[in-house]
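**Q** Next come the chains, spelled out residue by residue.
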Amino acid sequence: MQKVPNDVVIKAQEGNMESFEQIYRVTSGFVYSTIFRIIHNRQESEDVLQEVFLKVYRSLSRFRLESSFTTWVYRIAVNTALTFCRKRKTGIKKMQNYKSNAGLNIDRPGNEFSLDKEAKRDLINSLLSNLSSSQRACIVLREIRGLSYKEIADVMRTSINTVRSRLKRAREKLMSV
Amino acid sequence: MKCRKVRDFLLTDYLDGDLPEGLKKEVDVHLSKCSLCREFQDKVVKKTSLPFRDLEELNPEGYILEEIKEKITDIDNDKYSLWTRFKGTIFQGFRLRKPSLALVLSITVIAISVVFTKLSLDSRQSKVNSYISEQLDSIAYLISSGDNSGEEDSFGFGTAVEDYFM
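Chains as they are written, first to last, in my numbering: chain A, 20 to 196; chain B, 502 to 667.
There may be inaccurate statements among the hints.
From the structure, some residues in chain B lie toward chain A, with a derived Cβ separation under 7 angstroms [claimed, not checked]:
(1) Thr-513
(2) Phe-553
(3) Leu-556
(4) Glu-558
(5) Ile-565
(6) Leu-643
Ranges of calculated distance between the beta carbons of each label pair, as one might list FRET restraints [what the hints assert, rightly or not]:
(7) B/Ser-614 x A/Glu-37: 55 to 61 angstroms
(8) B/Val-546 x A/Ser-167: 17 to 23 angstroms
(9) A/Asn-98 x B/Val-546: 26 to 32 angstroms
(10) B/Leu-606 x A/Ser-86: 47 to 53 angstroms
(11) B/Lys-526 x A/Arg-94: 21 to 27 angstroms
Hints were generated in silico from the structure; no laboratory data involved. Positions of the beta carbon are idealized from the N, C-alpha and C atoms, including for glycine.
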């Protein structure tokens, strides 16, 4: 994953709009993917994405260069997405059980690799919809974004043990689906 | 190592490559001997890890950056207005954490109490001082009046009542 150079961050902190746009271009892909996997709705994910980058803009002056900029942006993105999920209250609409659809039957050997993009996206959404928002965030950050336990704990402002516990419960639920 | 412990690791650190070397070897030894745990491991990988591999990166629509830039312009225009700066200063105070806010309020209440109490005491003290001063003047007057020898009415206080009855 491409990192944002420190000099770009410094210029953006000084109010340079081009540098802020560069930050957006480097980070918006992984931020949007993460938000979408947590929220599962394209329009809402776009709204949350806007909110995230406005928060990034407002908080840039408070960011300390000794910290990881990527972790900082992840933290804003995940916490904003989780807050959105909590406020939404209605929760993610559970997708149709993927096992009932032969085309998505993951138990058929090799099937998980033969799915087209759309079907795979539906499968992932279906799997993740069985999890709570915080479990979903942990699975997304671990399995899709490849963050370590420590990085996930930093992003979600929690302990490594809590991350471990959430991952365990999330995986147990996924296995029972 | 027991199956239950191994399965815990298979769902967490072992699957994620975070298990210390010593523990990893113990799990490997157990897996080499326990077919049930091996089946469990296969199921964990198939159901919780494989589906998430090689996912496409999702990208936001191009117009979103333009909308963000417009909102940033609004923010920048807004932050220079007097009313916004005034509001920011006031609301900044209320963004204090509760313990700090409670401490500030307590100190304010105590300070106001002390000031009012002092003012009240000063006010009463000045009245007392004034009364004492008046009485001393009266006594001084009486003493000086008593020095006028031969005057039969030297014991009087010179009040209207005395004049009436005497």
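**Q** Hint by hint, note whether the structure agrees.
**A** Each hint, compared with the structure:
The restraint placing B/Thr-513 at the interface with chain A holds, with a minimum CB-CB distance near 5 angstroms, inside the 7 angstroms limit. For B/Phe-553, the suggested interface contact is upheld, since its CB lies about 4 angstroms from the closest CB of chain A, less than 7 angstroms. The criterion of a C-beta within 7 angstroms of any C-beta in chain A is met by B/Leu-556, whose closest approach is roughly 6 angstroms, and the hint holds. A cut of 7 angstroms between beta carbons decides the hint on B/Glu-558: the least distance to chain A is about 5 angstroms, and the hint holds.
For B/Ile-565, the shortest C-beta to C-beta distance to chain A is roughly 6 angstroms, which falls under 7 angstroms, so the interface hint holds. Because the closest C-beta pair between B/Leu-643 and chain A is about 78 angstroms apart, greater than 7 angstroms, the hint is violated. One distance hint, 55 to 61 angstroms for the beta-carbon pair B/Ser-614 and A/Glu-37, holds here, with the actual separation near 57 angstroms. In this structure the hint that B/Val-546 and A/Ser-167 lie 17 to 23 angstroms apart at CB holds, the actual value being about 19 angstroms.
Checked against the hint of 26 to 32 angstroms, the pair A/Asn-98 and B/Val-546 passes, with Cβ atoms roughly 30 angstroms apart. Remark: the range hint 47 to 53 angstroms for B/Leu-606 to A/Ser-86 is contradicted by a beta-carbon distance near 34 angstroms. At roughly 35 angstroms, the beta carbons of B/Lys-526 and A/Arg-94 sit outside the given window of 21 to 27 angstroms.
In summary, the structure is inconsistent with hints 6, 10, 11 from the numbered list given earlier, while agreeing with the others.
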